[in-house]
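Enquirer: Residue strings, one per chain:
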Amino acid sequence: MAEQALATAALLIPVVPFVAFAVILLGGLLPKERGFGGATSTVLSTASAGVSFALSVYVLLRVQATDASFVAVRTAWVEATGAPDLHFGVLVDPLSALMAVIVSLVAFLVHVFSKYYMNDEGENGLPRYYGAMALFTGSMLAFVFSSNLLMSFIFFELVGLCSYLLIGFWYETPSAASAAKKAFLVTRFGDYFFLVGVAGVFAAFGTFAYHGDGSLFDTAASAIEGNVSVLGVGAEMAVTALALLVLGGVIGKSAQFPLHTWLPDAMEGPTPVSALIHAATMVAAGVYLVARLFEFYALSPTALLVVAYVGGFTALFAATMALVMDDIKQVLAYSTISQYGYMMLALGAGGYTAAVFHLTNHAFFKALLFLGAGSVIIATHHKQDMWELGGLRRRMPVTYWTFLAGALALAGIAPFSGFWSKDEALLAVLRNAVNEPLLWVPFGLGLVAVVVTGFYTFRMVALTFHGEPRSEEAREAEEGGFAVYTPLVALGALAVFAGFINAVPLGIHALKTFLGGETFAEYAAETVGYVGEFEPSTALSVTALALAVAGSVAAFRLYAGADEPLRHRDGATARVLEKKYYVDAFQVWLAEDVTYGLSKRLSLFDIDILDGVVNGTSRVSLGSGEAVRRIQTGVVSHYAAVIALGVVGLVALVGLVGGWF
Amino acid sequence: MWISLLIAVPVVAALAALVSSRADDAYPRYVALGGSVASLALAVYVWLVPYDGSGNALLNPEAAALVERVPWFEIGGYEVEYLVGLDGVSMPLVLLTTLLVTAAITTASNAIHDRQAGFYALVLLLESALIGVFTALDFFAFYVFWEAVLIPMYFLIAVWGGPRRKYAGMKFFVYTNLASLVMFIGVIALYLTANVADTSMMSLTTALHEGALTGAYGLSAETLRLTAFIALFIGFAVKVPVVPFHTWLPDAHVEAPTPVSVILAGVLLKMGTYALFRFNFTMLPETAASLALPLAVIGVVSVIYGALLAMAQTDLKRIVAYSSISSMGYVVIGLAAYTTYSVGGAVFQMVSHGLISALMFTVVGVVYHETGTRDVGKLSGLAGRAPLVAGVFVASAFAYMGLPGMSGFPAELFVFLGGVSSTTIPYAPVVVGVGMFGIVLVAGYLLFAMQRVLFGEFRVGEEAAVTDGGVSVTDASPSEAVPMLVLLAVIVALGIQPGIVYEAVQTSTDAVADLMGGGL
Numbered sequence: 001m002a003e004q005a006l007a008t009a010a011l012l013i014p015v016v017p018f019v020a021f022a023v024i025l026l027g028g029l030l031p032k033e034r035g036f037g038g039a040t041s042t043v044l045s046t047a048s049a050g051v052s053f054a055l056s057v058y059v060l061l062r063v064q065a066t067d068a069s070f071v072a073v074r075t076a077w078v079e080a081t082g083a084p085d086l087h088f089g090v091l092v093d094p095l096s097a098l099m100a101v102i103v104s105l106v107a108f109l110v111h112v113f114s115k116y117y118m119n120d121e122g123e124n125g126l127p128r129y130y131g132a133m134a135l136f137t138g139s140m141l142a143f144v145f146s147s148n149l150l151m152s153f154i155f156f157e158l159v160g161l162c163s164y165l166l167i168g169f170w171y172e173t174p175s176a177a178s179a180a181k182k183a184f185l186v187t188r189f190g191d192y193f194f195l196v197g198v199a200g201v202f203a204a205f206g207t208f209a210y211h212g213d214g215s216l217f218d219t220a221a222s223a224i225e226g227n228v229s230v231l232g233v234g235a236e237m238a239v240t241a242l243a244l245l246v247l248g249g250v251i252g253k254s255a256q257f258p259l260h261t262w263l264p265d266a267m268e269g270p271t272p273v274s275a276l277i278h279a280a281t282m283v284a285a286g287v288y289l290v291a292r293l294f295e296f297y298a299l300s301p302t303a304l305l306v307v308a309y310v311g312g313f314t315a316l317f318a319a320t321m322a323l324v325m326d327d328i329k330q331v332l333a334y335s336t337i338s339q340y341g342y343m344m345l346a347l348g349a350g351g352y353t354a355a356v357f358h359l360t361n362h363a364f365f366k367a368l369l370f371l372g373a374g375s376v377i378i379a380t381h382h383k384q385d386m387w388e389l390g391g392l393r394r395r396m397p398v399t400y401w402t403f404l405a406g407a408l409a410l411a412g413i414a415p416f417s418g419f420w421s422k423d424e425a426l427l428a429v430l431r432n433a434v435n436e437p438l439l440w441v442p443f444g445l446g447l448v449a450v451v452v453t454g455f456y457t458f459r460m461v462a463l464t465f466h467g468e469p470r471s472e473e474a475r476e477a478e479e480g481g482f483a484v485y486t487p488l489v490a491l492g493a494l495a496v497f498a499g500f501i502n503a504v505p506l507g508i509h510a511l512k513t514f515l516g517g518e519t520f521a522e523y524a525a526e527t528v529g530y531v532g533e534f535e536p537s538t539a540l541s542v543t544a545l546a547l548a549v550a551g552s553v554a555a556f557r558l559y560a561g562a563d564e565p566l567r568h569r570d571g572a573t574a575r576v577l578e579k580k581y582y583v584d585a586f587q588v589w590l591a592e593d594v595t596y597g598l599s600k601r602l603s604l605f606d607i608d609i610l611d612g613v614v615n616g617t618s619r620v621s622l623g624s625g626e627a628v629r630r631i632q633t634g635v636v637s638h639y640a641a642v643i644a645l646g647v648v649g650l651v652a653l654v655g656l657v658g659g660w661f
Numbered sequence: 001m002w003i004s005l006l007i008a009v010p011v012v013a014a015l016a017a018l019v020s021s022r023a024d025d026a027y028p029r030y031v032a033l034g035g036s037v038a039s040l041a042l043a044v045y046v047w048l049v050p051y052d053g054s055g056n057a058l059l060n061p062e063a064a065a066l067v068e069r070v071p072w073f074e075i076g077g078y079e080v081e082y083l084v085g086l087d088g089v090s091m092p093l094v095l096l097t098t099l100l101v102t103a104a105i106t107t108a109s110n111a112i113h114d115r116q117a118g119f120y121a122l123v124l125l126l127e128s129a130l131i132g133v134f135t136a137l138d139f140f141a142f143y144v145f146w147e148a149v150l151i152p153m154y155f156l157i158a159v160w161g162g163p164r165r166k167y168a169g170m171k172f173f174v175y176t177n178l179a180s181l182v183m184f185i186g187v188i189a190l191y192l193t194a195n196v197a198d199t200s201m202m203s204l205t206t207a208l209h210e211g212a213l214t215g216a217y218g219l220s221a222e223t224l225r226l227t228a229f230i231a232l233f234i235g236f237a238v239k240v241p242v243v244p245f246h247t248w249l250p251d252a253h254v255e256a257p258t259p260v261s262v263i264l265a266g267v268l269l270k271m272g273t274y275a276l277f278r279f280n281f282t283m284l285p286e287t288a289a290s291l292a293l294p295l296a297v298i299g300v301v302s303v304i305y306g307a308l309l310a311m312a313q314t315d316l317k318r319i320v321a322y323s324s325i326s327s328m329g330y331v332v333i334g335l336a337a338y339t340t341y342s343v344g345g346a347v348f349q350m351v352s353h354g355l356i357s358a359l360m361f362t363v364v365g366v367v368y369h370e371t372g373t374r375d376v377g378k379l380s381g382l383a384g385r386a387p388l389v390a391g392v393f394v395a396s397a398f399a400y401m402g403l404p405g406m407s408g409f410p411a412e413l414f415v416f417l418g419g420v421s422s423t424t425i426p427y428a429p430v431v432v433g434v435g436m437f438g439i440v441l442v443a444g445y446l447l448f449a450m451q452r453v454l455f456g457e458f459r460v461g462e463e464a465a466v467t468d469g470g471v472s473v474t475d476a477s478p479s480e481a482v483p484m485l486v487l488l489a490v491i492v493a494l495g496i497q498p499g500i501v502y503e504a505v506q507t508s509t510d511a512v513a514d515l516m517g518g519g520l
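These protein sequences, in sequence, are chains A and B.
The first sequence begins at 1 in the UniProt record's numbering and counts up one residue at a time.
The second sequence begins at 1 in the UniProt record's numbering and counts up one residue at a time.
These are computed hints drawn from the structure, not numbers from a lab.
We put the CB at the ideal spot given by N, CA and C, even for glycine.
The reader is advised that the hints may include incorrect statements.
Stated by the list, open to error - What the simulated footprint calls covered on chain B by chain A, stretch by stretch (three residues with Cβ under 8 angstroms from a Cβ of chain A suffice, anywhere in the stretch; the number is not a length):
(1) 109 to 121
(2) 325 to 337
(3) 399 to 407
(4) 416 to 425
(5) 496 to 507
Said to hold, decoys possible - Taking lysine-lysine and the DSS-like style, the derived pairs with C-alpha atoms no more than 30 angstroms apart in a straight line are:
(6) B:166 to A:600
(7) A:600 to B:378
(8) A:580 to A:600
(9) B:378 to B:166
Isolated chain A, as found in the complex:
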């Protein structure tokens, strides 16, 4: 009975926003007089997120109480007669329950904030906005509860669609339309590999299931154990290849190097959308998928190492670019890329709990920082260049104090949430590096990124909120009301306290116990020889904290009283950073010069050579028929001629071969 209620609740969590989307969509198709406008869609979408959140909390509590882990609903999507069916299912377990709370809570708060950011600003197209938000929330929640790899892919794609629709919300602005296109295209490039992986998994193991007997993980593990050959190669090599293919999708969605380029551009979308994309939906989907597939990745040491390297490198790489950005949203964008790098790093080092922990904390503090930035942007009438802000702490106290809490969490300063999870992530790498020396490199990258993170974070805080206002708008900024305070304060509280759910140095392991992190760590210990238990390291905690504080203080001292001249001190390094290491330029070159250039050249080939041959042939034949045509015009005769010729040819052929002549 209790399980039935739990199953129903879990099913409803994604369904409710989908229903809201459908209603808003149908409302949009009605004639204007009978359709409904912004207000109704605002309420529908916001309420659906609220209901999902309430249900998610219920599911989380039940899962914690009962230690549930089961597929609640399982139904065949495609029934095949001669091959395995394809299923849809709702997987209820600690990971999905936790993630559902994160997603629905952030979505709900973003909806509340949107009322301020969108409705109160008199934006047009609100039904489109809220319809897409509802679809976004529903797709992400369905992704979270997916019980198999194919279903994950399906909703992964739908999440991508929603990002496209929302990043390009202001479609009349060319840069927004362009950013939406780029986001979809770059992530689709990653999803291509994911889809090849999906098809490969099916071909290799005949199942997509995450849970139960004969799950994908069990099948793959026993294939490796039995040294079976799949897809023409050894099972372990096949698992490695498939894991890396799926990783393509992860790198795209979670904006890891080298497919990170779409994310800073995606700042063209409305700021609440950025908050949702970065904290709880699109970008989180990639890392969540690796966590979901952890048992699969942990079958291949190579795949895990690649995950760790991608993560470690991205953590530092993106952080350095955040150093030179002037747009407050750009700083946050690069910090998102960098923070997801930490999660990947932790997963690659077997730190399942650490990664999910950081995912949780990051969701809250990043949503907070984006909404804080949104508050600043509206208050200053769309000023985003930090050099035109400054001194806002006096005029916007609620925004300032909550933003500060988020910044301290991001910078990794104790006791704010980010400190605990980043510390645990680095701990997992450190402990495993002893056995796997190759992990020292990503560990080093991650550690250096700590000081960089502190620096760019407090550069942003100092430039935005401290010093003197550097523009008229900043001088006259007015903080919003209830719709701003509620989400900021709620998320601010989480940025302060969420870290204590798993404060390892203090001996708190609540999250690890809940997630069954022990089991995962032991699993990795068995399969790839990682350590099963991460002994806390005071030295590491102190070092990381010292680095974070050093970076933060340095930036604060440098920028708190900053004025214009400091902006133009760029050297060669800064130029490379501002050009984003030329990765963007390289990709544009690949797309425009290489691919489009090739397509133009092929087009010429198609017209001149292929079609030219055809037209040349027909000219000869039509030319020879010129005399005939003068007598018999019209097409039917031509048709008859061709038929007759053909029949003659046929008879001649059959006759020749048959020896009639």
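Following the hints, complete the assembly by docking chain B onto the known chain A.
Expert: Leaving out everything else, chain B in the frame of chain A:
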């Protein structure tokens, strides 16, 4: 009775349309609309009620539904019959035909102003011939219908087309007619050597499977099969079209009026893949399997080449035309892979692509009708003026990209799932994996097209920055909106619940996959 009725209703409607024009020029359109809706309703009724197909019509003659068999004539000792029937592959294609013809006729009033009676009559005759192609189970009947498709299509392009309509029409005609001849020779060669009593496609299939074909004319059975296979393949490949036999298609599409493009892309191309499925892959499975690698490579090349060509175009119709070539490449890959999912997916892709390309051409037609241009360089920011058109444009583009929730996703997914595990194609994961890159390219050119046409500031041609009252662009009219939304609804329904069609499809495709080992 049912199938003859399906074939006859459009013919009757065509005659009625011609006759009605004597009373009033406006009548043919309504008569044709009524006729096409009646055909659609009849097809849906047949599908829901009397249809009871249970297998593959060629492999198991008992499995075909609603078979009609009437002796026709005798030639050279061969019994020729009017033999028609339906199975899980032909039924969906008949439904597709009647649906798309109805959609085409509904939207035609914007594109067709002259000689309406003739236009609508030809479209209906075309419909009748198409239904004949998909239901015929005797080769001669099949060939008669096959050729009968060409004539109305030729006139529809050459009379009601754009400025270069004569060239495009002639090119279409000569191209596909030559192909028909090559195909005809191939099939006749098989009949002559396979020792059969009648010309039904079942007899030929059975004879070929039982090894009745022994060498003739000094050729070994092996060589004969191979030669016939290649002749058939070339004959049908032109229709699909497969690179390098595709160059008639972009010209035909660009010149054809919108409703004709809808039928051309939506149904005519499927004749090619349908025939490949029936003849090459069902009748000559060993030969097909031995050629699986080259066939799959041809499919992959079509996918990639078509997509790259689509990227280079600036005319919206040419973009969709080339992307059709790309999408049909997946069908060839799916057939060559010979697995349960891939062959079923290939047929599902025929239906899905029929719907999606029809929707895309319809929406492009509306854009053209409203703005007078299809040049992506001259269009900008339509979304603000025509939100419904923009919405359908975006939806059909994402359907083309194979977005989950739309029919293109299960179609391509099935081909990929089956394709990667194929046992006929050597290095299947690699070969099919390369073809799958089409999903990135298609996103590339459609996203670019959407960005230019729909987004940004509103502009048409030189009239930059016109405010209200400048260029008058209105949203889709009901006669455009209704068919578009119906097509979209079907695309979404099949995307969410592919079983609606796939259940029937696989009853006929599994048996074909099983001919060569089957598997996933």
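Enquirer: Indicate, hint by hint, whether the structure satisfies it.
Expert: Against the structure, the hints come out as follows:
1. Coverage of a stretch by a chain is defined here by at least three residues with a beta carbon nearer than 8 angstroms to that chain's beta carbons; for the segment 109 to 121 of chain B and chain A the count is 0, and the condition is violated.
2. Beta-carbon proximity to chain A at under 8 angstroms applies to 0 residues in the segment 325 to 337 of chain B; the threshold of 3 is not reached and the given coverage is violated.
3. Using a Cβ-Cβ cut-off of 8 angstroms, 4 residues of the segment 399 to 407 of chain B lie near chain A, which meets the minimum of three, so the contact claim holds.
4. Counting residues of the segment 416 to 425 of chain B whose CB lies closer than 8 angstroms to any CB of chain A gives 6, so the stated coverage by that chain holds, three being the minimum.
5. For the segment 496 to 507 of chain B, the stated coverage by chain A holds: 6 residues have a C-beta nearer than 8 angstroms to a C-beta of that chain, and at least 3 were required.
6. Under the criterion of a C-alpha separation no larger than 30 angstroms, the hint pairing residue 166 (chain B) with residue 600 (chain A) is consistent with the structure, at around 27 angstroms.
7. The suggested pairing of residue 600 (chain A) with residue 378 (chain B) holds, with an alpha-carbon distance near 19 angstroms, which does not exceed 30 angstroms.
8. For the given pair, residue 580 (chain A) sits about 29 angstroms from residue 600 (chain A) by alpha-carbon distance, which is consistent with the 30 angstroms threshold.
9. As the CA atoms of residue 378 (chain B) and residue 166 (chain B) are separated by approximately 26 angstroms, the hinted pair is consistent with the 30 angstroms bound.
The structure fails hints 1 and 2 (numbered hints given earlier, in ascending order).
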